[in-house]
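Read top to bottom, the protein sequences are chains C and W. Sequential numbering from 36 applies to the first sequence in the numbering used here. Sequential numbering from 74 applies to the second sequence in the numbering used here.
Treat the hints with caution; some may be incorrect.
To be verified - Incomplete in silico selection of chain W near chain C, CB under 8 Å: (1) Ile240; (2) Ala241; (3) Leu247; (4) Cys251; (5) Leu294; (6) Val446; (7) Ala461; (8) Pro464; (9) Ile467; (10) Ala476; (11) Gly478; (12) Asn480; (13) Met516; (14) Glu518; (15) Leu533; (16) Pro534.
Unchecked claim - Covered stretches of chain C, as calculated for chain W (at least 3 residues, CB under 8 Å): (17) 37 to 47; (18) 69 to 77; (19) 87 to 93; (20) 117 to 127; (21) 135 to 149; (22) 159 to 165; (23) 170 to 180.
Said to hold, decoys possible - If you want the ones that stay clear, here's a sample from chain C, every Cβ over 12 Å from chain W, calculated: (24) Pro190; (25) Leu193; (26) Pro194; (27) Pro196.
Hint data in this document are derived by calculation from the structure and do not stem from the laboratory. As the structure is a prediction and not an experimental result, all values here were calculated from the model. From the three backbone atoms N, C-alpha and C, an ideal C-beta is built for every residue, glycine too.
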Amino acid sequence: MQLSDRVTGSFLVVLGGACAYGGWLLPPVPGQEIGPDVFPLVIGVGLVICGIMIAFGIGHAFEEQEELVAPLPGEKPPPPITWGRGLTALIPAGLLVFYVYAVDRLGFWLTAGLITLAAALALGARLRLAIPLAILTPMIVDLIFSKLLRVPLPPGLLPMPW
Amino acid sequence: MSTIIEAFGMVLHADVLIAIFLSAIYGLIIGALPGLTATMATALLVPVTFYLSPIAAVASIITASAMAIFSGDIPGALLRIPGTPASAAYTDESYAMTRKGQAELALGIGLWFSALGGIAGTVALMIMAPQLAKLALNFSTFEYFWLAFLGLMCATLVARSSPVKAIASMLLGLLISCIGIDNPAGTPRFTFGSTDLLGGIEPIPALVGVFAVTEVMRAMLTPEPPRLASRRFGSILAGQWALTKQYLKAQMRGNVVGVIIGALPGAGADMAAWVSYAVSKRFSKTPEKFGTGYPEGLIESGASNNAALAAAWVPALLFGIPGDTITAIAIGVLYMKGLNPGPSLFTQGASSMYALYIIFILANVLMIPLGIVMIRLSTQVLRAPRAAIMPIIILLCAVGAFAIGNNLFSVLVVAAFGLIGFVMERNGYPVAAMVLGIVMGTMVEQSLVTSIIKSDGSVLPFFNRPVAAVLATMAIAALLWPLGAWLWSLRPVRVADHSGSGR
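Sequences and hints are given; from them, build the entire structure.
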């Protein structure tokens, strides 16, 4: 996920350009000099300028190290993150997307259980911990949200016992 | 006087007191667990606040965040891993004390001076806010525009990052706030034909994504923190009173710096701690002792971060401009609860404001006994495996986001902003600046458009009211600052060439 300034800067230039163009296409309000197009135009132009500056490395000197607490002298620094391992960072977001598309069909208990299980295993939990966690956590969350806070959570294939 | 009695009546309700007590425990636990921040604690609390009375809702946010900021000191001192970013500045110092066998003293300083700092911040809020409210009652859209502009620029100035990237992040936030039909003309913008996007991106799911999902994503890549050996603690508060008297000046300075940084939009407790630690070292008679387990810096920055937390509510309550990322979330809750931020909150809703002050004081007093219990139980709490906590956080993100509007689209927003926040953070783009842009976008645009319509296209009215002129000068100076700083940074190279010493 570590991209060069050149890449992120260029992305901002494209995004800013698209934003300004999209703003420019918006219909004006009749009889008004200033419409919904002004703000996106200003933002778009600003993003393009920032993107160019970032791509050319202006302001890079101000950036501080990412680690909040530096490793001790004797400590070995954390190993560099490979792309393969970097992709595991996408798991949480992926699980949320899975929740959106599965919860109505599978029901809350099943979906939430699968998410908990997958996340726990991805973080290196043993099955002895992950399975009870996957069964109990959705039950507690369901108790709090659907009983106490009255949020309608879909029962689906496997309704809660209450 | 009658308003104060009324305020006490509002706070001394069973539901408010229960909310304070439960959110205190919640905040203490979340803060103590590395990787879970005070902002995340607030974000995950929001769905619950919907079902509470307005005062109980705000009380739970205030209490949970104050407790979490203190509690972040615990793993910092015991494991050298800050529980929240606000403790990072002095983690080395407090860990050095633990290694010298003074763990109780280090934790005691964290607890005692956090509580004192929180109370000092509250006093500042009580004094500053009503005065500013009187001034702000005369503000027109021109002042509000400059104020909002200044707020946005502040966030870019104080970021520990490249100012250009901070401005870019802020613009990204503004762009996100453009989505939907919530603009002065009511035209759908950047909705791409999606009905879900018509209503715009709700700030709270976006913030949950940025502050909660991003942390879980980061946990996927970092090794599990080491296990803490079980230990028994001696007296936590022993010697704190002597330290209070000995380092009164440092503590006061910490409070003042904390209040100033907290009140600045976008900069919160973590920034306050960094600045205060640096200030403390700079003015100390014994700067060489810093980093070796010396209490002075710990006292000053510990007092500072909790003072910042309270002071961040000043711009949030007065103008709806978040003073830090926690109040960025809290503003959403305030609107939802009918406590719309603005100077009239202090004139018409004075009793609610007093109730707020009382809650702040109560939370900081309650911090001491509950904090001692937390420290004593910390070895048990810190033993909870991360593989059990993070899945719960993901689940709470999903259910919480859904609960906000009974809408699954919010869960997608959470996921998307988790990704955006993660990529931004990895590449040095400060997410706090983007958050400020998202929260303030509508306000900036509305005040800008109304001002331009009122001025009939002329630029002059933006500058010819005295307060507007002052704010405008500050805002433009803040915008040009990165340029100045960049030119300044070119200077030492030339000097180095002359002296031949190089860098």
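| Evaluation of the interface hint that places Ile240 (chain W) against chain C, nearest CB under 8 Å | holds, 6 Å
| field | Hint check: 8 Å Cβ-Cβ cutoff, Ala461 (chain W) to chain C | value | Hint on Ala461 (chain W): holds, closest Cβ of chain C at ~6 Å, below 8 Å.
| Hint check: 8 Å Cβ-Cβ cutoff, Met516 (chain W) to chain C | violated, 12 Å
| Is the interface hint for Pro534 (chain W) satisfied, with its Cβ closer than 8 Å to some Cβ of chain C? | Violated, about 14 Å.
| At a threshold of 8 Å, is the proposed contact between Pro464 (chain W) and chain C supported by beta-carbon distances? | With Cβ-Cβ at 4 Å, under 8 Å, it holds.
| Has the segment 87 to 93 of chain C got at least three residues whose CB is nearer than 8 Å to a CB belonging to chain W? | Holds: 3 residues of the segment 87 to 93 of chain C have a Cβ under 8 Å from chain W.
| request: Report holds or violated for chain W covering the segment 69 to 77 of chain C, Cβ cut-off 8 Å, minimum 3 residues. | output: Three-residue rule met by the segment 69 to 77 of chain C, so holds; n is 6.
| task | With a C-beta cutoff of 8 Å, work out whether three or more residues of the segment 135 to 149 of chain C approach chain W closely enough for the coverage to hold. | result | holds (count 4)
| task | Beyond 12 Å from every chain W Cβ: check whether that's true for Leu193 (chain C). | result | Holds: least Cβ distance 16 Å, greater than 12 Å.
| said: Less than 8 Å between beta-carbons is the criterion; does Ile467 (chain W) satisfy it with respect to chain C? | reply: This hint holds: Ile467 (chain W) lies near chain C, its Cβ roughly 5 Å from the closest one there, short of 8 Å.
| task | Go check the segment 117 to 127 of chain C versus chain W for me, would you? Three or more residues, Cβ under 8 Å, otherwise it fails. | result | Held - the segment 117 to 127 of chain C has 7 residues with a Cβ nearer than 8 Å to chain W, which meets the minimum of three.
| said: Less than 8 Å between beta-carbons is the criterion; does Cys251 (chain W) satisfy it with respect to chain C? | reply: holds, 5 Å
Hints 6, 11, 12, 13, 15 and 16 from the list above are not met by this structure, while the remaining hints are.
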